[in-house]
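Engineer: Those sequence lines, one after another, are chains A and B. Throughout the first sequence, residue numbering follows the UniProt record's numbering, covering 1 to 336 in sequence. Throughout the second sequence, residue numbering follows the UniProt record's numbering, covering 1 to 336 in sequence.
Don't read these hints as lab results, they were simulated from the structure. Careful, some of the hints might be misleading.
[What the hints assert, rightly or not] Over 10 angstroms on every C-beta distance to chain A, these chain B residues come out as not near it, computed from the model:
1) Val260
2) Met264
3) Pro265
[To be verified] Within a straight-line C-alpha distance of at most 16 angstroms, the following computed EDC-like cross-link-like pairs (lysine to aspartate or glutamate) qualify:
4) A/Lys255 x B/Glu233
5) B/Lys255 x A/Glu96
6) B/Lys283 x A/Asp242
7) A/Lys283 x B/Glu233
[Claimed, not checked] Below, a sample of chain A positions facing chain B; criterion: calculated Cβ distance under 8 angstroms:
8) Gly156
9) Ile226
10) Leu258
11) Arg267
12) His271
13) Leu297
For each residue, glycine too, the CB sits at the ideal point set by N, CA and C.
Protein chains: 2
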Amino acid sequence: MANLVPMSETIPATVPTTMKAITQTDPDNPRSLELADVATPTLQPGEVLVKVAAAGVNRADLVQAQGNYPPPKGESEIIGLECAGTIADAGDTGREVGEEVGCLLAGGGYAEYVAVPVGQLVPIPKGFSLTDTASIVEAATTVWSNVGMLAGLTEGMRVLIHGGGGGIGSFAIQMCKAMGAEVATTAGSAEKLAHARELGADITINYKEESFVDKLKGSCDIILDIIGGPYLEDNVRCLGLDGTLVVIAVQGGPKGTLPVARMMPRRQSVHATTLRARPVEQKAEICASTVEHVWTLIEQGKIRTTIDKTLPLADAARAHELLDSGTVTGKLVLVV
Amino acid sequence: MANLVPMSETIPATVPTTMKAITQTDPDNPRSLELADVATPTLQPGEVLVKVAAAGVNRADLVQAQGNYPPPKGESEIIGLECAGTIADAGDTGREVGEEVGCLLAGGGYAEYVAVPVGQLVPIPKGFSLTDTASIVEAATTVWSNVGMLAGLTEGMRVLIHGGGGGIGSFAIQMCKAMGAEVATTAGSAEKLAHARELGADITINYKEESFVDKLKGSCDIILDIIGGPYLEDNVRCLGLDGTLVVIAVQGGPKGTLPVARMMPRRQSVHATTLRARPVEQKAEICASTVEHVWTLIEQGKIRTTIDKTLPLADAARAHELLDSGTVTGKLVLVV
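Next up, chain A with everything else stripped away, as it sits in the complex:
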């Protein structure tokens, strides 16, 4: 039946044609984030409409508000890379209206409704709330796709995770530990390092007080990095034989020095990735693999949420301000 009428008309009567969403009123002011009425998204083939209950806040959202991380072509201009909620319209997918799901998004999470390719839906882990789920979808898929699928994490490896106090770092420490790795991590405060140790980190380094190279030189199998350019050379010096450095953010700068001669006899590699720019087929593959390999660990209690604070969706600007301040340990979640 649904295929006999245009997509936009398949929205059930319970879905309004307009919705509240966070919009940026001044492109030059990254804090000018306000709730406004916008059109409810229409569905493309293979998408479901999700009524958002909670949306995770990511550092990339701050960069987008600064104008430096525009959404991929054709994606929502609304900020927000992950959420959880209830399917309000299953479109042509055959999914059930009313099903609770987590969502990996290319954008659009800071809103009452979001259109999601069906391959980017993940189940709610047993024991998790929608808010819990909204706080881990982006981290779980990012960490597993890079540390597991790309770098080939196996038991007994030593993994260095930069930014152990952040959302990605908090998830990565727990996941690597649960998979049998020895985990080293860096952070910039005693509080964040204590948090990292609670999550299972074996070696914690305050980068403001000591050199991580001195502690880890030549010993790491995998490094998950969010600093980029300024850490490149030191990261490589921490890698051991066949070591893999994966850079997923460049918070410190876009370029750096690579000591390629040093890498040769050690057969090392540097990979740089973003999840958001991947085609939907790859995102679907990543979501499926993440659920297969990581969801059990969550349901066994080996990986828990690390929500620092929840705020109402209307307070997106304040959430960004908090995250920017460097005082947040773990995740911020906006609830609708």
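Once you have looked at the hints, place chain B on chain A.
Structural biologist: Leaving out everything else, chain B in the frame of chain A:
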């Protein structure tokens, strides 16, 4: 029977206890290479003794003579990374004395005899002489292990090969072309570029006259690089989506700038490797895979030798001088 007596006594009567080999008389003079009498190598378990007929000359040999590329621990101090010849003593391997073989070496090729782990023996391709074989073992294993096994070359990819006039480059152009790739290459003279075109290169660039980035920006799936540091950033700019840069030599310098932010949305990677430092198990795997995937192409005439000149073993210094001059196109081979 062989196992009942010490290894050193298993050398058949026809193998003398001393042999001629190139030795460096002055560690500070890379051209002080002279034939001298040295002890014939004794065999370790799993090794055969090969009577060398011809030994390929590699740029790495020049670096070793300069004192900058010492042999891995436990390996021969004699220069020479590849040869071909006849098994003179099969040790405990069960191979046949008298069998003709090509050899991938960690060192020792510039000599009358060399001890070789049995996994590093390759058959003589049909139609190839021992001299032909000695000219391609190192190139074939290096190119296949990096472009095939590591970077995953498939039909239709665009591959950039730096140094199309050299031994590695000449082999890589032909192999990639034979496997259905589009091949771009750089070299420093019209003569070398003509040679590269004869071997099948589709795009040839004189790096002294034009920018390879201008011609190839964002278009390459795989880059095989021998320049290292100074080319890093330009190489990355030439990579396309999911592109792989493999650095196997640093003729231009040991470090360079890596634009890691640029790489992220394109999911690019940089690998650095050397074949010589790999453990024997990996070398055996690489030799077997190279024979499996590349030998047929040689026997079908799709990859030919590109020997510029053969010289007597005693003329090793002159061979190094020639290779250093930059006027050699293809390979130099020393014949015993």
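Engineer: List in ascending order the numbers of the hints, as given earlier, that are violated by the structure.
Structural biologist: Failing hints, ascending: 1, 2, 3, 5, 7, 8, 9, 13.
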